[in-house]
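What follows is each chain in one-letter form.
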Amino acid sequence: MSKQFLMGNEAIALGAIRAGVGFVSGYPGTPSTEILETVAKNNPGDIYVEWSTNEKSAMETAAGASYAGARSLVTMKQVGLNVAADPLMSLAYIGVKGGMVIVAADDPGPISSQTEQDTRHFAQFSKLPVFDPSSPEEAYEMICDAFDYSEKYGTPVLFRPTTRVCHGCASIEVSEERKKVAPEGFAKDSRWVIFPRLTYQNHLKVEARQPVLGEDFSSYRFNRLTGTGKKGIATGGISYAYTCETLNGSENCKLLKIATAHPFPEKLALEFLSGLDEVLVIEELDPVIEKELTYLCGKHHLNVKINGKLTGHVANAGENTVESVTAAVDSFLGRAAGTEPSKELPALPVRPPVLCAGCPHRASFYAVKQAMKGKKAVFSGDIGCYTLGNAAPLDMVDTCLCMGAGITVAQGLHRIQPDAVNFAFIGDSTFFHTGIPGVINAVYNETDIVLIVLDNSTTAMTGHQPHPGTGRTMMGEISEKISIYNVLTALGVSHVSRANPLNLEEAVSAVKSAVEAGGVSAVIFESPCIAVTKPQPLYQVNAKKCTRCKKCIRELGCPAVVLEDGAVKIEPSLCYGCSVCAQVCPFGAIERSEN
Amino acid sequence: MTNCLLAGVGGQGTVLASKLIAQSAMNRGLNARTAETIGMAQRGGCVVSHVRIGNEIHSPLIPQHKADLIIGFEPAEAVRCLPYLKENGAVIASIKAVKPITAALTGSGYSGEEMTVFLKENVKNLYLVDAEAICNQLGSAKVLNVVLLGAAAGAGLLELTLEELKKTICEKLPERFIELNCHALSEGAAAVRKG
Ligand code: SF4
Ligand code: SF4
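Going line by line, the protein sequences match chains S and E.
Residue numbers for the first sequence follow the working numbering, beginning at 1 and rising by one.
Residue numbers for the second sequence follow the working numbering, beginning at 1 and rising by one.
If you're looking for bench data, these hints aren't it; they were derived computationally from the structure.
Watch out, some of these pointers could steer you wrong.
Pairs of lysine-lysine, DSSO-like flavour, derived with a Cα cap of 27 angstroms [to be verified]: (1) Lys66(E) - Lys41(S); (2) Lys343(S) - Lys142(E); (3) Lys172(E) - Lys3(S); (4) Lys376(S) - Lys267(S); (5) Lys142(E) - Lys41(S); (6) Lys3(S) - Lys167(E); (7) Lys550(S) - Lys375(S); (8) Lys343(S) - Lys124(E).
Not the full set, but computed from the structure, chain S residues with beta-carbon under 10 angstroms of chain E [unchecked claim]: (9) Ile111; (10) Pro136; (11) Ala317; (12) Thr321; (13) Ala357; (14) Cys385.
For glycine and all other residues, C-beta sits at the position ideal for the given N, C-alpha and C.
My request is simple: use the sequences and hints to build the entire structure.
What follows is the structure, given as structure tokens:
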């Protein structure tokens, strides 16, 4: 045993290694990414780890490993589970042999996501058990339990940490021991082939299992009932930590902590409800525990008032905080609210996230904008760093929906409004994730779009993971690079060109020819993310030549170009030397700096 | 229990600084808990790291009015976090403003000075550091985080000694960055004593 300072995601990874995991797959997505990376970093050598092309592939490869008897782990963010919903739902009927844990990290807030969906609903929908850790140290222990339950019941299980658990760090006792798992290999059996008849039979089994699991969970070590009184608070996940913080061990009430919202531990919950007048439920995202308790009260004719999101006592969107939980608990328990007034703050600068200084995406967006000046065009975006192309002054993202949707949304737009040129921007990793079927759709249905692939040779948003186009795998091995150019050509895209976005003239003319070509055409802008290249000589503004027209600021929006007492200046600590501002300046006032 | 908030702009290295504090506290046998901003905000947005040291901590987020110390990597970000500061808590801040593009675009002319003035008027226990000058002198803008840590420790605000931080740097950073960061630490400490 040794004590380590670990991030929740690292704890989940080390916990899985300790539990004898043999196969790990996933697709990067905040806040889940570091789990798989940590397994790879601490790989004792016999664990297979891969970044899959998307979450569906990740879940299916892991299912295969588990059919063959290995313990498998799949990681993704909550919206990734939507992509993997198809295998998930069927797998719930088929079951597994080796333990299989699906980590889907939820993101209340949301801090870095398109939705505030609650994976606990997915557990109810698929009828799979779900584990909901309340701290990194608990996550470390709980992931091992999740594997055990998975094998005990022969079913995949869901594990849903939230951002504050994933990205919180804590001091954790780490065990050096590792469970030995020797997979037997795949045994041929009709149980692995889903057919309507088998589905019906397995459905009966799944339904029969639900109450058994609920009963089992009533004595699960991380579901806990403490305290006494006529009032009770029910909570789970990180909200449990906020509740403890505000109660500070001093309050006269019952406290129910739910770590497994599905199947609901009814027996334990009934024990909690007995003798209570009123309950406050504090949870993040949807009122899952709240509805279960309300249902239980109805089923058992209990006269207990349940307060929470459904009654307006707790906010039903956004993340909880110690402050919001304290306010809800104060009014529930009739405690005097703390009255420390906060001083009024002066007007603070607004800081929306932006593309980094020197980011090649800025140049690509700028080139397309220049090429389409005065023409009717709609720019559909996608998920990645380049979503930030929506910010002023670029303003080049008109739609953004979900992974891969830019290409297909552009087609729908074009069918209804054919006089506009419809552009679809997509990053390299997203192209492989779910972009390709959309391209096929356009070629097959002959819908004219201009595809702009922003190829920066990495998965930048989530911290630079390799993907099929990088020629490197998570195991560090060199693999054949899949060429986006060849893929597009093979799919029948009529006009495909490559251009360096940092050369504005070349980039603008590439876009113009793609638009003129008509049909489904594509430009691949190739320039590596600044985080994977070396800075070039920097640029500076020659004050003698600068007319202060501010075209560079008005049109480009590079964070390194700043105004100081009315003068335009380049901040040397931020500049990456991409040279694009120098190409934009009409007076040649931006020059390479000598040192 | 000590609560320390590190506030800055994405890319300034608050995450590493909070790790160094927490790890140093652990080396002393204390428990630590942190919460980080990771994701989209790391691209130039506001980022905050919460560091809590002690044995009976539940929430990874510091409640408002409970921070003993705010380390501002940027003056406006220090101001933004003031609601977290407890009465008589300390603030240490770099005086160099990071100007968002929105300021350049609207010509609002945010210079950072209005923020340092506000801090001076409202925080009794305040330390301002010209961290940029030190970074320039060391030839790297990347060590801003460690310069500020050095300043905080040098001013006696961290309950950790410079030696303890140095030891953690040597343990946790890649070999090639150790010397530069140890320098940054002592330069930060020296600057704050003078100021
Ligand atoms: S060269 Fe110009 S556009 Fe490129 S990073 Fe430097 S300041 Fe920004
Ligand atoms: S575009 Fe050139 S002349 Fe105009 S403000 Fe920028 S550097 Fe000065």
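Here's how the hints hold up against the structure:
{"no.": "1", "hint": "Lys66(E) - Lys41(S)", "verdict": "violated, 36 angstroms"}
{"no.": "2", "hint": "Lys343(S) - Lys142(E)", "verdict": "violated, 33 angstroms"}
{"no.": "3", "hint": "Lys172(E) - Lys3(S)", "verdict": "holds, 15 angstroms"}
{"no.": "4", "hint": "Lys376(S) - Lys267(S)", "verdict": "violated, 63 angstroms"}
{"no.": "5", "hint": "Lys142(E) - Lys41(S)", "verdict": "holds, 25 angstroms"}
{"no.": "6", "hint": "Lys3(S) - Lys167(E)", "verdict": "holds, 17 angstroms"}
{"no.": "7", "hint": "Lys550(S) - Lys375(S)", "verdict": "holds, 24 angstroms"}
{"no.": "8", "hint": "Lys343(S) - Lys124(E)", "verdict": "holds, 14 angstroms"}
{"no.": "9", "hint": "Ile111", "verdict": "holds, 6 angstroms"}
{"no.": "10", "hint": "Pro136", "verdict": "holds, 8 angstroms"}
{"no.": "11", "hint": "Ala317", "verdict": "violated, 18 angstroms"}
{"no.": "12", "hint": "Thr321", "verdict": "holds, 6 angstroms"}
{"no.": "13", "hint": "Ala357", "verdict": "holds, 9 angstroms"}
{"no.": "14", "hint": "Cys385", "verdict": "holds, 7 angstroms"}
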